[in-house]
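Please construct the entire structure, taking both the sequences and the accompanying hints into account.
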Amino acid sequence: MNDISYTYTNSDILILEQIGEFIKEKRVELNINQDSLASGAVISRSTLSLIERIRPINYIFD
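No gaps in the numbering here: position 50 of the sequence shown is 49 in numbering that gives the first Met the number 0, and each next residue is one more.
Since the hints were made in silico from the structure, they are not lab data.
Among the hints, a few may not be true.
Label pairs and their calculated CB-CB ranges [stated by the list, open to error]:
id, residue 1, residue 2, range
1, Ser10, Asn30, 31 to 37 Å
2, Gly39, Asn9, 27 to 33 Å
3, Ile42, Leu13, 18 to 24 Å
4, Thr8, Leu29, 30 to 36 Å
5, Asp11, Asn32, 24 to 30 Å
6, Ser45, Ile12, 29 to 35 Å
7, Asn9, Asp34, 28 to 34 Å
8, Ile12, Thr46, 25 to 31 Å
9, Thr8, Arg44, 15 to 21 Å
10, Ile31, Thr8, 18 to 24 Å
11, Glu16, Arg44, 18 to 24 Å
12, Asn9, Leu49, 15 to 21 Å
13, Ala40, Ile14, 15 to 21 Å
Think about it this way: if two alpha-carbon atoms lie no more than 25 Å apart in a straight line, the pair counts; the simulated SDA-like pairs of lysine to any residue are [stated by the list, open to error]:
id, residue 1, residue 2
14, Lys23, Leu49
15, Lys23, Ile50
16, Lys25, Glu51
17, Lys25, Ala37
18, Lys25, Ser45
19, Lys23, Ser43
The structure presented is a predicted model; accordingly, all values stated were derived computationally and were not measured.
Here a beta-carbon is modelled for each residue, glycine too, at the ideal position from N, C-alpha and C.
Okay, structure coming up:
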């Protein structure tokens, strides 16, 4: 198993904020709920919520 660690920098956080805000704004503009969008993106609703709220998501690499 590989140990991959990463420290977020200010520019990373800014990019994540912009992506999260864009996704949420478009979802609301198109009147799509989180469940529908998450299903279409093949992710869980809780993952989508984390993305929209700008929370880091941990990925597991084998």
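We went through each hint and held it up to the structure:
Hint check: serine 10 to asparagine 30, Cβ distance near 32 Å, so the stated range 31 to 37 Å holds. The beta-carbon spacing between glycine 39 and asparagine 9, approximately 32 Å, falls within the hinted interval of 27 to 33 Å. Distance hint check for isoleucine 42 and leucine 13: the Cβ-Cβ separation is about 22 Å, which falls inside the suggested range of 18 to 24 Å. Separated by about 32 Å at the C-beta atoms, threonine 8 and leucine 29 satisfy the suggested range of 30 to 36 Å.
Between aspartate 11 and asparagine 32, the C-beta spacing of about 28 Å keeps the proposed range 24 to 30 Å intact. Taking the beta carbon of each, serine 45 and isoleucine 12 are about 20 Å apart, not inside 29 to 35 Å as hinted. Restraint check, asparagine 9 to aspartate 34: a C-beta distance of roughly 33 Å satisfies the suggested window 28 to 34 Å. Range check, isoleucine 12 to threonine 46: Cβ separation about 18 Å, and the 25 to 31 Å hint is violated.
Here the CB-CB span from threonine 8 to arginine 44 is close to 29 Å, at odds with the stated 15 to 21 Å. Separation of isoleucine 31 from threonine 8 is about 32 Å and departs from the stated range, judged on CB atoms against 18 to 24 Å. Here the CB-CB span from glutamate 16 to arginine 44 is close to 20 Å, well matched to the stated 18 to 24 Å. For the hinted restraint 15 to 21 Å between asparagine 9 and leucine 49, the CB-CB distance of approximately 20 Å keeps it satisfied.
A C-beta distance of roughly 19 Å is found between alanine 40 and isoleucine 14, which places it inside the suggested range of 15 to 21 Å. Restraint check for lysine 23 and leucine 49: satisfied, since their Cα atoms lie roughly 11 Å apart, inside the 25 Å limit. Note on lysine 23 and isoleucine 50: the hinted pairing holds, with a Cα-Cα distance of about 9 Å set against a maximum of 25 Å. Pair hint lysine 25 plus glutamate 51 holds up; C-alpha atoms about 11 Å apart against a cutoff of 25 Å.
For the suggested pair lysine 25 and alanine 37, the alpha carbons sit about 13 Å apart, so the restraint of at most 25 Å is met. Taking the CA atoms of lysine 25 and serine 45, the gap is about 18 Å. The hint holds against a cut of 25 Å. About 15 Å separates the Cα atoms of lysine 23 and serine 43, which keeps this hinted pair within 25 Å; it holds.
In the structure shown, a violation is registered for the earlier hints numbered 6, 8, 9, 10, in ascending order.
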